[in-house]
Structure formats: structure tokens, C-alpha cells
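2 protein chains.
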Amino acid sequence: MGIKHSDKATLQQRLNIEVPIIQAPMAGVQGAELAAAISNAGGLGSLPCAMLNPSALKDELQRLTALTDKPFNVNFFCHKPATVSPLQTRSWFESLSPYFQELNIEAPGEGPGASREPFGDQALEVLEQFKPAVVSFHFGLPEPAQLQQLKSWGARILSSATTVEEARWLEDNGVDIVIAQGVEAGGHRGSFLTQDMTTQTGTMAFVPRVCAAVSVPVIAAGGIASAEGVAAAMMLGSAGVQIGTTFLLCPEAKTSALHRAALKSEAVHHTALTNVFTGKPARSIVNRLVREVGPMADTVSPFPSAAGPVSLLRAAAEPNGNDDFTPLWSGQNATGCQEIPAAELLQKLSAAR
Amino acid sequence: MGIKHSDKATLQQRLNIEVPIIQAPMAGVQGAELAAAISNAGGLGSLPCAMLNPSALKDELQRLTALTDKPFNVNFFCHKPATVSPLQTRSWFESLSPYFQELNIEAPGEGPGASREPFGDQALEVLEQFKPAVVSFHFGLPEPAQLQQLKSWGARILSSATTVEEARWLEDNGVDIVIAQGVEAGGHRGSFLTQDMTTQTGTMAFVPRVCAAVSVPVIAAGGIASAEGVAAAMMLGSAGVQIGTTFLLCPEAKTSALHRAALKSEAVHHTALTNVFTGKPARSIVNRLVREVGPMADTVSPFPSAAGPVSLLRAAAEPNGNDDFTPLWSGQNATGCQEIPAAELLQKLSAAR
Numbered sequence: 001m002g003i004k005h006s007d008k009a010t011l012q013q014r015l016n017i018e019v020p021i022i023q024a025p026m027a028g029v030q031g032a033e034l035a036a037a038i039s040n041a042g043g044l045g046s047l048p049c050a051m052l053n054p055s056a057l058k059d060e061l062q063r064l065t066a067l068t069d070k071p072f073n074v075n076f077f078c079h080k081p082a083t084v085s086p087l088q089t090r091s092w093f094e095s096l097s098p099y100f101q102e103l104n105i106e107a108p109g110e111g112p113g114a115s116r117e118p119f120g121d122q123a124l125e126v127l128e129q130f131k132p133a134v135v136s137f138h139f140g141l142p143e144p145a146q147l148q149q150l151k152s153w154g155a156r157i158l159s160s161a162t163t164v165e166e167a168r169w170l171e172d173n174g175v176d177i178v179i180a181q182g183v184e185a186g187g188h189r190g191s192f193l194t195q196d197m198t199t200q201t202g203t204m205a206f207v208p209r210v211c212a213a214v215s216v217p218v219i220a221a222g223g224i225a226s227a228e229g230v231a232a233a234m235m236l237g238s239a240g241v242q243i244g245t246t247f248l249l250c251p252e253a254k255t256s257a258l259h260r261a262a263l264k265s266e267a268v269h270h271t272a273l274t275n276v277f278t279g280k281p282a283r284s285i286v287n288r289l290v291r292e293v294g295p296m297a298d299t300v301s302p303f304p305s306a307a308g309p310v311s312l313l314r315a316a317a318e319p320n321g322n323d324d325f326t327p328l329w330s331g332q333n334a335t336g337c338q339e340i341p342a343a344e345l346l347q348k349l350s351a352a353r
Numbered sequence: 001m002g003i004k005h006s007d008k009a010t011l012q013q014r015l016n017i018e019v020p021i022i023q024a025p026m027a028g029v030q031g032a033e034l035a036a037a038i039s040n041a042g043g044l045g046s047l048p049c050a051m052l053n054p055s056a057l058k059d060e061l062q063r064l065t066a067l068t069d070k071p072f073n074v075n076f077f078c079h080k081p082a083t084v085s086p087l088q089t090r091s092w093f094e095s096l097s098p099y100f101q102e103l104n105i106e107a108p109g110e111g112p113g114a115s116r117e118p119f120g121d122q123a124l125e126v127l128e129q130f131k132p133a134v135v136s137f138h139f140g141l142p143e144p145a146q147l148q149q150l151k152s153w154g155a156r157i158l159s160s161a162t163t164v165e166e167a168r169w170l171e172d173n174g175v176d177i178v179i180a181q182g183v184e185a186g187g188h189r190g191s192f193l194t195q196d197m198t199t200q201t202g203t204m205a206f207v208p209r210v211c212a213a214v215s216v217p218v219i220a221a222g223g224i225a226s227a228e229g230v231a232a233a234m235m236l237g238s239a240g241v242q243i244g245t246t247f248l249l250c251p252e253a254k255t256s257a258l259h260r261a262a263l264k265s266e267a268v269h270h271t272a273l274t275n276v277f278t279g280k281p282a283r284s285i286v287n288r289l290v291r292e293v294g295p296m297a298d299t300v301s302p303f304p305s306a307a308g309p310v311s312l313l314r315a316a317a318e319p320n321g322n323d324d325f326t327p328l329w330s331g332q333n334a335t336g337c338q339e340i341p342a343a344e345l346l347q348k349l350s351a352a353r
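Chains as they are written, first to last, in my numbering: chain A, 1 to 353; chain B, 1 to 353.
For reference, chain A alone in the conformation it holds in the complex (with noise of 0.2 Å):
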């Protein structure tokens, strides 16, 4: 194997951080307060813009560089929208149909609209006024004139990796640094030329084989949640780590009530990978929709229109402290999670051995 350093520069230096570590963006669960914390910090904080229309994306920016003059990510979904035929969305509300009868609540003859838009020109008009140092993607890349745009004000491009071939992809297509998302990650896989889940590696494995195959730094995500697990994932040679469960409990987090108390319970010790939240593939603790659905449902309807019917359990259901139909994102190791201010865990996350 060979781990490769292609140039001398840190990451640190390379983002102007004190600190090699990114905060995973969380969309749903994390704003500008907790991307604030970090990067005031000294790490690189990230704002989850997937679900930010370009009036809510421009509100959150603006607190967000009311709250810090560091640099920050800002993060957005690349997917290519699918049209969603009337034969698939019933049959995902057939599946679901037994729950809305349950919860006494009307299916509606239609889904809801999506609620996770891709990256496109209007997003970019907005962040143009902002120029964030860096802007990261899940789900592959925009369009090769929008990334050039980006890069026209120096921002970094970073984007994820669940194989590869993707990090090979990534590389190819212009990206500055590559996220190599081991499987043990929370939330959704970014995967982009694969829908084969068995191709998912764990970090430990594909770290090495990210940083052997590509000649940009790399950034292991998935299961790092102490300082000796920065230490390690250094240790294999990524020029960083990229850390979102572990900040899930701290103050600044919107993490809801529901969704706290899960990752403070037993529950948290199962996790999978499970479509039936969005219609692509995350990682979340096993809930009743996961467990009786799930964890992968033939019958869900196409990324992220499955989120529009799921929405309505929701709805219904949390407010009776009922976290059946919750989304409860979750990497495989939530051991660094504490009750305690961002930046005071990101110290703990960086000290070094």
C-alpha cells in the first residue's frame, strides 16, 4: 500500500483552520449555531444547505457570518432529481398505509414536494454575495460551470466518496479534497456511481485504499469519535477527519428531544443503512419504520420524495414523544457524544497523544 502526501501543505493549512477537523454537515438537525461553534473554534464548522430553499439559505448565511469571521463549509446534495411515476408513489404509500390508519390521519393522494432540492444556479447566486472558503457536495458534483464558479472566488471543493471509484471520479472531475465516507458514517451514503450497498467499505479499509488510489488529500469520515480516533484515522494517512455524530448532543445542535434521548439510549447501539427515511440509502438508529419497513424497502418511492408521506407520521406521531417514524441519524460509534459546548468537545477531539 502507499500512502501518498502529494504536497507538503497541512490541511490546516490548506483551509486556514487550527485544527484537521471538519464537522460533518447535518442537515436537519444543525444551522449556523453549532457550524459557528467550531469553526470559532478553530475547526472547520459546516452549514447543511440541502434542505434551504435561496431565501432560507441566505437568512442562515447571514447569521451565520453575524456569528463567525472563520472560515466555514458550506454543503449541498447533488442528486439528480427523479421523476416520480404515480405507480411508485402509491406503492410507497401502500407500505405505509398501515401506520396512517394507526395514527387515524389521511394519506394524501399525492406526496408532498420534495423536500431536499440539488444544488443549482439560484443557490449559487446566493453564496456568491457570501463566498464561503469552502463548499462540499454529497451525491458526486454540480454542474462543471457552476463548480468553476465556485472556484472563481478560491473556494474549496470537497466531496464524498463510498468508493474507489468515486474518489477516483471526484479527483478526475476537480475536487480539492476528498471525503472518504467509511460505512460506519451517519446519515445518508454519498454515493453517486453506485447503488450497490455492498460495496460500502469500513474506514479502516478505506482510507488507506482512498488515500493509495487518489493524489488529494483525503478526509476519513465514519466512526471517529474520540481524539485517538483523529489520532488513528491520521495514523492511516488522511490529512483530516470528518466528525457529525459525536457533536449531535452538544448545545448548539438542533438535535430534537426525540432524537437526543435515542442517542442517549440502548437504542443506540444498532444502526443501519436504511432508504426508508428518504429513499436513499443513511444511517440511522433502528426505529419501528427501520425495523418493520426497512432497513432497505424495495416499495420506496424515488430519493427524497419517500420523505414527503414520512413527514405526515411524523407529524403525527412526535408530539406524543412517539420517535417511531423519526429519522434518528446516527453513526456506527456515538461514544464522543456529550452534553457539553461544541468547541469544548472539539478540544477534546484534538488533543493531541
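Treat the hints as calculated values from the structure; they're not laboratory data. Beta carbons: idealized from backbone N, C-alpha and C, even for Gly. Each statement offered as a hint is correct.
Computed, partial: chain A to chain B, Cβ under 10 Å:
no.	residue
1	163
2	183
3	185
4	206
5	208
6	222
7	228
8	229
9	232
10	233
11	234
12	237
13	269
Based on the hints, put chain B in the right spot on chain A.
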């Protein structure tokens, strides 16, 4: 998280070895030669005994003890032999029948006998003559009386955990050391309290979780293929590592020419957990049988009976250079494989940084 060092003895002191590396027992692809080479070089060589009857076990132990006077490990399976119903046998044959037709061989009326026997009193009697320093198990542990007898001559007992619950069970039931088998590992999952493969965890996440859950020393396994990988695993709190795949191209291994060719090909980049070769989930390079019938076949007959008819297909296909039905065991990180003597490879893996 807590990394525990419950007592000060290193793995080397506990097992009377020089480097904290156990060569993973790999039934079918290695015997006394590889085990002796590793033990002589200061690691802990392992003799896979799951496919040896008492007479073959005795022969192999005689060869091994003639080749080394250093400590070694003998490894056994502890599965509960399943009763295979005629329906299960038939259903598995039906899944395979197109291949019997294609290869123009006759499908037997009944399956051949099991090729993998669980540990029992006959093996114990043989072991008593050799008093191996270390005995390891897969799929749990043998009966308490058998375990006591092994311990009576001072043997250290190891077994594999694939969940935190299994790690705790093994500690409660008397192992001296737990092997934390991350999902990256090649060959059979050691699972014995669960059949749910969504519970299987990447090494980066699993090792710290097991270290936090048990007081006995923990060996990290899965995805480790370099000195950096060894260092990373130790950083996570493990007392040592178990490495298998990396040794498969060594001249001392009995890896077949077809298996060696697959390990050196692009095919090695895609492995999967599959039950098609034996009836239990095991990680193999994805070949035709895995792709077409698996990776996890509902129709498979119980472990180890599924291997019977597959062995007939192998016997017909392999002489023609066809590995369609060959279990091509490999972990998710084969980047460490080198065609050099095992002692030399062990030295590379041990290189301190």
C-alpha cells in the same frame, strides 16, 4: 469514551510473543507452514482446524510442532450443528441446478456430509497431547467443561465478537482475550448471538466500543493491512491485531492459483458478506455465484451443509480455470498482500513509526 487498560501486561507478555500480531486462522487456504512461519518470526501463527478430523488434526499439529517451538494458536468453530431438512436441501439444490446443468454434472440426491465440524471431545483429546498455548474459537465457545480442560494446561482462550453484546458474553463466559471482528474482515463473521448483518460494525467504530465494554484485552480485526493500520488499531485501544487477507499471497499459504489470481485482479476491490458458500455470512470477493445467487440467499441450506453442493460445482469448474463457484475469501483491504515470505511481511507490518 473510555479506553481501558485493565492490567499492565502487554499482549506480547500475555502470549509470549514478540509483536502484537495474530495471523488470522484461514481454513482451506493455509495450514502449518504459514502458522509456523509467523510464530517463528515473533507473531502468533494460527492453525485453522475447523475442516480437520481428529486424525488430520493430529498430523497437522505434528507438522506444526516440528516446524516451530514458539507459541501458536489453534482455531475451531463452535457452531451448533443444524438439522437439515429434506426441503432445505432441495431448495438449495434447486437454486444451484442451472449450474449443475451448465457444467453437465449430476446433482446428488442428498448433500455430501458436512465439511466443518464443531469443536468436540475428540479434538480436545488430540489437543491434550500438544497443549497449545492459545486456542481460539469462532461462533462462540465450546461447553464449559471443555473450556476448563483447555485452561487446565494454561491455554489462553480467544474468541471473536461481532457485536458489543457478543463481546460481553464472551467475557462473561471466560475468554482471556476478545477479538473484535470489524465488518471489513474476510471469511466468516464470528457472529453467534445475532444473524442480523445490519448489526455488523466497521473496525474504526467497533474497536473503541468493545474496549469500553469489556475489561479483557481486545484484538482488532478487519481492514488492517499495513504497519500504519496496526498503529491505528492500537491507537483505538486494542492490545494487538489479527490480520488474515494480507498473508494470502505469501508462499507459505496454500491459497489456490485461482484465489491468488483473484486477489491480484481488479475483482478484489469488491467483496461482500455472502452465505452462498457455506450457509453462514462470510466475506468473499464477489464472483458469479455471489452475484447471481447471493450475496445473501434465502434458499441457502444451513451452515455448513450449503458447502456440499457448491464443492461439486467447484470441482467441475476449477480445473478449467473457472472461479465462478470458488469461495474467494478476502477482507475489504487487500492492499497489503505481497508475494513475499510471511516472516518478511510480518516484519513490515510490525515496523514502528
